[in-house]
Amino acid sequence: MLSKKQLFSRGMLDIAPHMLSVIPFGIICGAIGVDLGFNPYLVYAMSIIIFGGASQIVFLQLLSGGASSLVAVTSVGVINSRHLLYGAVLSEYLEKLSFIKKLLISYVVVDQGFAESNKFFKKNKTEQYLHYHLLGTGITMWVCWQIATLAGIILGSFVPEELGLKFAIPLTFIAIVVQDLKKIDHVIVMLVCGISSLLFFEAPFKSYILISPVIALFVAALLLRLKK
Amino acid sequence: MTWLSITVAGILTYFTRMTMIALVRRDLLGEKIKAVLAYVPSAVFPAIIFPAIFINDYGSYIEMNDPKIFGALVAIIVGYFSRNVIATIFSGLLSYWIIIFVFLS
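Heads up: the protein sequence lines correspond to chains A and R, in order. The numbering of the first sequence is the working numbering, which starts it at 1 and goes up by one. The numbering of the second sequence is the working numbering, which starts it at 1 and goes up by one.
Don't read these hints as lab results, they were simulated from the structure. Mixed in with the good hints there might be a few duds.
Claimed, not checked - Restraint ranges, calculated between C-beta atoms of paired labels, are given here:
hint, chain 1, residue 1, chain 2, residue 2, range
1, R, E63, A, I184, 23 to 33 Å
2, R, S82, A, N39, 35 to 45 Å
3, A, K182, R, I55, 43 to 53 Å
4, R, G30, A, L226, 13 to 23 Å
5, R, E31, A, G66, 23 to 33 Å
Since this is a predicted model, take the numbers as computed values, not measurements. Just so you know, even glycine gets a beta-carbon here, dropped at the ideal spot from N, CA and C.
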């Protein structure tokens, strides 16, 4: 049985490599907001209030491009709706927590944290304080995101654009799913999701990010039926 | 007005995080749905990966010889065998940089 502290540190350790892409991305996010002419306090407040990388950039780009607030808010909602799926997966491991603790821990559920904690949970189902791993990944992401966006807002985009560090984002997610390429059913689901995201990229409100997982999960359900 | 929009967007985002964890009882999900949920990472992350590689900043598809495709392939191979996140990201970035700075400059 691991202690709360051990699980928390394990979470921090598991998420740490992803900071290689999260920190440059946060700097870029902060710098873009200021470049687009928004109040720096407002740009930073988003990192606390929304706390969702891509959706923060999309929100500011839409507003500065003349879109209505309704369109901008809807897009953030649609982009972040993928968290519903993360929550559905994590709920199995967080069932025993009190309602208040569930409300609090929800705030730090992000893509990479979900992915790493979910991997850990699957292998360590019997641990009593599992949620401390999720706190470790989530709080590390939160702190680094705050520092990185703040740095981008204050210092501007001191990361040279020629380096193309935005490319680190897909690489981080490749690192997360690459071991599942061993399983043919997962490969099919990944391809269906990826190809759908390209086909529906132009759909309104960035809804490709919701449409493609729904299609891919439908295919996953079909595959499960075929396996039987 | 912008502050109000950000607050509403923040509340919406928080609800997407909290709903399934705190409001929906796990028992409501049947065994079949639970089995499908095992595919969530494979069904979600490619929707972030594919557009970030195959669509450029201007919203159009990239050419087949784009350095990002090469970088992604290197990252997949290195990631598959090394099982290491840092090696995956670094190898992808490095091969991408070698192409844009050495071969294309």
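Each hint, compared with the structure:
no.: 1; hint: E63(R) / I184(A): 23 to 33 Å; result: holds (30 Å)
no.: 2; hint: S82(R) / N39(A): 35 to 45 Å; result: holds (44 Å)
no.: 3; hint: K182(A) / I55(R): 43 to 53 Å; result: violated (28 Å)
no.: 4; hint: G30(R) / L226(A): 13 to 23 Å; result: holds (19 Å)
no.: 5; hint: E31(R) / G66(A): 23 to 33 Å; result: violated (49 Å)
Of the numbered hints stated above, those contradicted by the structure are hints 3, 5, listed in ascending order.
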